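Throw the hints in and build the complete structure from the sequences for me.
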Amino acid sequence: MSKKVLDLVQTTFSDDVIYSHSRLGNDTVVVKRESLVAIMEFLRDNDATKMNFLRDITAVDYLHRTPRFEVVYVLYSMDHKHMLIVRVPLNEDDVQIPSVSHLWGCAGWLEREVFDMYGMIFTNHPDLRRVLLYEEFEGHPLRKDYATQASQPRVELLKPERDSVEEFLHFHKDKDQATGSRVAE
Amino acid sequence: MGLEYNVPENVVITTRLDEVVNWARKNSLFQYPFVTACCGMEYMATASARYDMARFGAEIPRFSPRQADVMWVVGTVNHKLAPYLRRIYEQIAEPKWVISFGVCASTGGFYDNYATVQGIDKIIPVDVYIPGCPPRPEQVLDGLMKLQEKIELEPWRKYAYEEKKRAREQGGQADENPLFQRVK
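In order, the protein sequence lines correspond to chains H and G. Read in order, the letters of the first sequence correspond to residues 1 to 185 in the working numbering. Read in order, the letters of the second sequence correspond to residues 1 to 184 in the working numbering.
Honestly, the hints are just simulated from the structure, not real lab data. On a predicted model such as this, the values are computed, not experimentally measured, just so you know. Mixed in with the good hints there might be a few duds.
In silico BS3-like links for lysine-lysine, alpha-carbon gap of 27 Å or less [unchecked claim]:
hint, chain 1, residue 1, chain 2, residue 2
1, H, Lys159, G, Lys96
2, G, Lys146, G, Lys158
3, H, Lys159, G, Lys146
Okay, structure coming up:
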């Protein structure tokens, strides 16, 4: 059933689909960033696909791979009961991606979460702020080059939390790889 | 001197003032539950009829820090929440005590990451730690009794005492707390 959706997307947008597979029952299309909004709108409005439910937006950080990031959209159709995963690869020097919050209302918060955790810039988003972390947090913690234990306390602590925080404060950006994480002052 | 010999037997007991004050304090602990996570279920189980925290005088949870004596920090505290935890602690009137309930509040538990405070003693002073994930009600009651023991044995004018000690360390004289002047 979902193979039909996969074929439909591939034939309609043959130039924009980079790659597709249905490994382990997950029908996936990898598409170009420029045509993302057009494909998503097609998937939502076409009678054969009718993806009226955006289940999730998330991202993957493949460190040391080019392109480094992939933004993942999980679509579901309440009417046809089929699912499709749309992935968009992004280079780390240009993490801008068009927002789909005008197509699905829930995309607004999901995109804010991806921005919070991975630092993707969703263009045309109505209100792109951090949703889980606090305003003064620097960096994006789910990126692979963020030190897992590097906390950023908001109040002065009575005693140090752990040594790795001190290490993190002295962490310097690697010149060879523009990792995009926090730079020590 | 000799005053207690003139009072009727078995009617009047003479004792030290701090014993009375501490006895009253330890048996009337108003609580402020700062419940953030799943340990709250175990806290409720301890408070309800089967284990019945009221037997230890700790029966009324007050959801205003102004009316509380003991702060129960129950569950994981993250860095986003830390300023509010400290502010609520500062709003509790003295004397005040803090119980760290469960392993997350005590050490951060298995949340060894950027988001979670590695034990609330990094933010506020803690009197009793109750380990466990979550601790059983028996453990919680044991912790409560440990706190009662601590209250019983600590100087009645704990804060005046601490102020004096701090002043002595800095080589000066502490200002007398006007609240205590009447009692002398």
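How the hints compare with the structure:
1. Restraint check for H:Lys159 and G:Lys96: satisfied, since their Cα atoms lie roughly 21 Å apart, inside the 27 Å limit.
2. The suggested pairing of G:Lys146 with G:Lys158 holds, with an alpha-carbon distance near 17 Å, which does not exceed 27 Å.
3. Between H:Lys159 and G:Lys146 the alpha-carbon distance is near 25 Å, which keeps this suggested pair within the 27 Å criterion.
When held up to the earlier numbered hints, the structure conflicts with none and fits them all.
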